[in-house]
Amino acid sequence: MALRFEVLGRFNRARAAQLTLPHFVCQTPLFMPVGTQGTIKGLATDQLEEIGCQIILGNTYHLALRPTSELIDELGGLHKFMNWPRALLTDSGGFQMSPVDGKPMLLTPEESIQIQNRIGADIIMALDDVVKTTITGPRIEEAMYRTLRWIDRCIAAHKRPHDQNLFGIVQGGLDPVLRDICVRGLVDRNLPGYAIGGLAGGEDKDSFWRVVAQCTATLPEDKPRYVMGVGYPLDIVVCSALGADMYDCVYPTRTARFGTALVPEGVLKLKHRAMAEDTRPIDPTCACMVCKNYTRAYIHSLVTKDSKGSQLLSFHNLYYMMQLSRNLHSSIVQGKFPEFVCNFLQKMVKCVMV
Amino acid sequence: MKFVVKAWSNGGARAGILHLGTSTIDTPSLLLSTRKGLPHFISPDLLSCLPAPESRLLHVSPLHFLEGLSMKTISKIGGLHQLLGLHDHCFVAVPRDSIQCLPEANSTNKIGASFETPCGRLLIKPVEYMEMISSTRPELWATLADEVPAWVSDKRNKTSVDRTIKWLDECISISPASGAVFGAIVGGSSLEERRRCAQEVATRNVSGYWVGGLGLGESMDERPALLNAVIEALPEEKPRLICGLGLPEEILQGIAAGVDIFESTYIYHLTLGGFALTFPLDRTEINASNLVPSDVGSDPRKINLRATVFRKDTTPIVEGCTCYTCRNHTRAYINHLLNVHEMLAQILLEIHNTHHFLGFFRLIRDAINAGRFEEFRREFVQRWR
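Protein chains in written order, with this note's numbering: chain A, 1 to 354; chain B, 1 to 385.
Certain hints may be false.
[What the hints assert, rightly or not] Straight-line distance between alpha carbons at most 16 Å, and here's what the computed EDC-like set of lysine to aspartate or glutamate pairs gives: (1) K125(B) / D154(B); (2) K125(B) / D88(B); (3) K72(B) / E74(A); (4) K6(B) / E236(B); (5) K312(B) / E74(A); (6) K312(B) / E70(A); (7) K76(B) / E277(A); (8) K312(B) / D278(A); (9) K80(A) / D313(B); (10) K271(A) / D26(B); (11) K125(B) / D169(B); (12) K72(B) / D45(B); (13) K72(B) / E277(A); (14) K305(A) / E67(B); (15) K292(A) / E170(B); (16) K76(B) / E74(A).
Note that these hints are calculated values from the structure, not bench results.
Remember, it's a predicted structure, so these values are computed and weren't measured experimentally.
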């Protein structure tokens, strides 16, 4: 185990904690931006620090393809390669199986862990067998048991438990019985942390939060819980209330590239014609350099044609997500979590688009 | 605006000081090229990592804003400084932008100047241009010109001079209270017309001169004579600005003729191509007789970071370079970013290339101040032939 997880405050099931990783001391709940290929689109490491990013996600599959994990290892690991002084997390590489270069790829648990060992992230993910939550039938059970068999292979293959934390991933679709078996199986292996996988793939919200609630109720209190692929600010607030600590999603940066900004009221579509005359900042309550310096009108003129627009929107959207993380942490620590959540919901449900 | 010539070297070349807005800039100096007021790739919050005050002069083409933003809205916001959140910088507005707003001489007529832009072909009348100037409020702006390429007929060329002078007078009469005006001088590749235009413009009440219509097809060999024909007719104490001279040798040519401010697209094209400038900025290395062997093929002034030879190169682009890119990242990382088509590659390259090219200008100014510009120019051209 190469981490320390210390709960600093609680409200019902929600908790604020300090997560000490080899490269950085983090505060949870936290959002992790996705830097697929060793960079977050259009942002330099100085800016990521300015925004307050604590952990960045790297995609094992993409990095194994280019520039290859061997090269990253030879040059001293991904932290050194990117010059990112804070924490990194790599996924197993199993999720993006559709090949970029047309070649079918068979990834074994051993290979996944070997690649991740070479990349050198603070947290690495076990290879799991993921199925869509919209699927029914015996495939879900098969995937869950396979995930449990693979966790043992991952643990055996892991050469760097002293400086890389292997997280297990709970599968089982929307079936509470299967989820329960999986949780118990993973907890038996006494891993540094646990992820709740297989969600954020099209299931309805009622099923989604029920699975999260069940998992957080049965996963150990003293270890971090990571809900993979989440996501929308509302989902993060709900999952935090249910006792989850870590999240990742491409949403903030992807939606920036379509000209959409995240705001307390929901989203703001900068490509909309009405924005051309709007001389207000994207979010008057936001302290980021984009909101402090630029009007909606100017950004509108950028997003319709230039990549410069998406660069500025990515900056703002990530700042928004990190500010949300900071607010979740501090409101729990200060005993003001319910007020924060009520405030958050009030602003969001008042209108859909400004 | 205030301009003072401080030193001369070998005839035409001069070093000066330009007071513009809140900045004091040493000349000869470089205008950084922008798109809608911001650098092409560098994020605005990273601009402060470039050397100041040399990096504070930004070239802006007001035509960029016609796409998606009304002049009324820009006015309401308060002009370029408010619009772009850049309060320490100075904006120099020239209608032409050598990358994306190129003059379309065939469509220009007596009503206005035509430009080929990303939103199609636009015809800009002097009164429309002046509306853009008064809304954007740059510290310095050039009058609207009819720029023609080198191969037009004598008749067309003569018309372009007459029109440019007429538009200059129109622009000045509509001129806003603030902002220094540079008179545009054209004349194609005719020495006579160039001289005629310069003599006319020299009689107008302007703060400086924009030598237009170059970098549009004339050869480097033709240029010195054309530049001299223009400069000879202009008063010494007013600054001269030129667009479209990109390469270092062309800049040196312009300086030798007496130009003070340059807009160049060199950095942009280098960056797009994945190139990084590496020629030494240390005088002693330039004097050394033995050439430093290059990593890749023929051009030792720059490297192409896409080349596979850099895959594992953990050195910075230039050892000892103090730019953000060289202080923080390696050739290997930039090579990877280029291979996976990540925008960060261009951002890092634009930072380094700008830093390096500004260093080149500093060397030039040092040489002029020491009275050895011609020697410097000769050595530089010889070295990198």
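Original post:
Which earlier hints can't be squared with this structure?
Top reply: 1, 2, 3, 8, 10, 12, 15 and 16
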